[in-house]
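Visitor: In order, the protein sequences belong to chains A and B.
Quick note on the working numbering: the first sequence kicks off at 1 and runs consecutively.
Quick note on the working numbering: the second sequence kicks off at 145 and runs consecutively.
Quick caveat, the hints were computed from the structure, so don't treat them as lab data.
Just so you know, even glycine gets a beta-carbon here, dropped at the ideal spot from N, CA and C.
There may be inaccurate statements among the hints.
[As the list claims (entries may be wrong)] Listed next, the in silico DSS-like pairs over lysine-lysine satisfying Cα-Cα at most 25 angstroms (straight line):
#: 1; chain 1: B; residue 1: Lys157; chain 2: A; residue 2: Lys25
#: 2; chain 1: A; residue 1: Lys143; chain 2: B; residue 2: Lys169
#: 3; chain 1: A; residue 1: Lys13; chain 2: B; residue 2: Lys157
#: 4; chain 1: A; residue 1: Lys25; chain 2: A; residue 2: Lys121
#: 5; chain 1: B; residue 1: Lys204; chain 2: A; residue 2: Lys25
#: 6; chain 1: A; residue 1: Lys121; chain 2: B; residue 2: Lys204
#: 7; chain 1: B; residue 1: Lys287; chain 2: A; residue 2: Lys60
#: 8; chain 1: A; residue 1: Lys25; chain 2: A; residue 2: Lys85
#: 9; chain 1: A; residue 1: Lys13; chain 2: B; residue 2: Lys204
#: 10; chain 1: A; residue 1: Lys121; chain 2: B; residue 2: Lys287
#: 11; chain 1: A; residue 1: Lys23; chain 2: B; residue 2: Lys232
#: 12; chain 1: B; residue 1: Lys277; chain 2: B; residue 2: Lys169
#: 13; chain 1: B; residue 1: Lys167; chain 2: A; residue 2: Lys13
#: 14; chain 1: A; residue 1: Lys25; chain 2: B; residue 2: Lys168
[As the list claims (entries may be wrong)] Derived, one-sided and incomplete: chain A residues facing chain B with beta-carbon distance under 10 angstroms:
#: 15; residue: Gly50
#: 16; residue: Leu63
#: 17; residue: Val84
#: 18; residue: Asp86
#: 19; residue: Asp89
#: 20; residue: Leu120
Number of protein chains: 2
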Amino acid sequence: MTYVFNTVEEIEKSLRCIAAILKKKGRDILSNYSITPPQFDALLLLNESGNMTIGELSNKMYLACSTITDLMDRMEKNNLVKRVKDEKDRRLVRIQLLENGQRVIEAALAKRQEYLREVLKNFSDQEIVQLEKLLAKLQQEMKE
Amino acid sequence: MTYVFNTVEEIEKSLRCIAAILKKKGRDILSNYSITPPQFDALLLLNESGNMTIGELSNKMYLACSTITDLMDRMEKNNLVKRVKDEKDRRLVRIQLLENGQRVIEAALAKRQEYLREVLKNFSDQEIVQLEKLLAKLQQEMKE
Chain A
1 MTYVFNTVEE IEKSLRCIAA ILKKKGRDIL SNYSITPPQF DALLLLNESG NMTIGELSNK
61 MYLACSTITD LMDRMEKNNL VKRVKDEKDR RLVRIQLLEN GQRVIEAALA KRQEYLREVL
121 KNFSDQEIVQ LEKLLAKLQQ EMKE
Chain B
145 MTYVFNTVEE IEKSLRCIAA ILKKKGRDIL SNYSITPPQF DALLLLNESG NMTIGELSNK
205 MYLACSTITD LMDRMEKNNL VKRVKDEKDR RLVRIQLLEN GQRVIEAALA KRQEYLREVL
265 KNFSDQEIVQ LEKLLAKLQQ EMKE
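Using the sequences and the hints given, assemble the complete structure.
Guide: Okay, structure coming up:
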């Protein structure tokens, strides 16, 4: 029991380190597309949840509205997003993901897969399948 | 081969989703300590790399110096960090982690372990040990 107790500590640490390495790797990948990680996070959020207001993005990203406004100004300039009026309430301005933003997301995700494939080259097919199963189970349990 | 190819895609997706869930969970945990995720990220960086300047934190966190300055003002008010003069170059101001900041880090990490222990309750001991081994190997391969 103590053994498994310590193992959980190790798993927490590994998951945290892997997330940090993937975050850093993600940043390196993004530098090829001239966007910053907060910009990419905003793109993923817009892709996931649809058009959002500055206030909603501010809440989800835990950054001040003024910071989000700056972010969106730069992203609008780079043709990644655009400001649009809300269809139901014309007084509301929402941020919309543009095709160029969508392309950046897809390209960055493809690069992440490529990186992971390289990292897994010393894993046997059996280990890869095992890892996939255990991570899918972990993800499932986390969602419940 | 195609099978394993798709499996890698699944692993990338799972790792990304798990990281996002852990990030969200981490935020919920942090709300108990009245600090925001960017503040916690700054604490972890200071804990890992020692005293840093606003410019260094700005680089590592990919946020503008003005944003980091605001962040540090609030964290200094909450007794998490303090500004100190660099020992070698007295003109440089560095941010130092305080005991209170250290305590927040430790408490938050303990809560993360507790959460993971709960999530793993439907895993057999064998699965937990397997997961630990595979994640340790993955982490190792990523570092190389």
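Visitor: Looking back at the hints listed earlier, which ones does the structure fail to meet?
Guide: 6, 7, 8, 11, 15, 17, 18, 19
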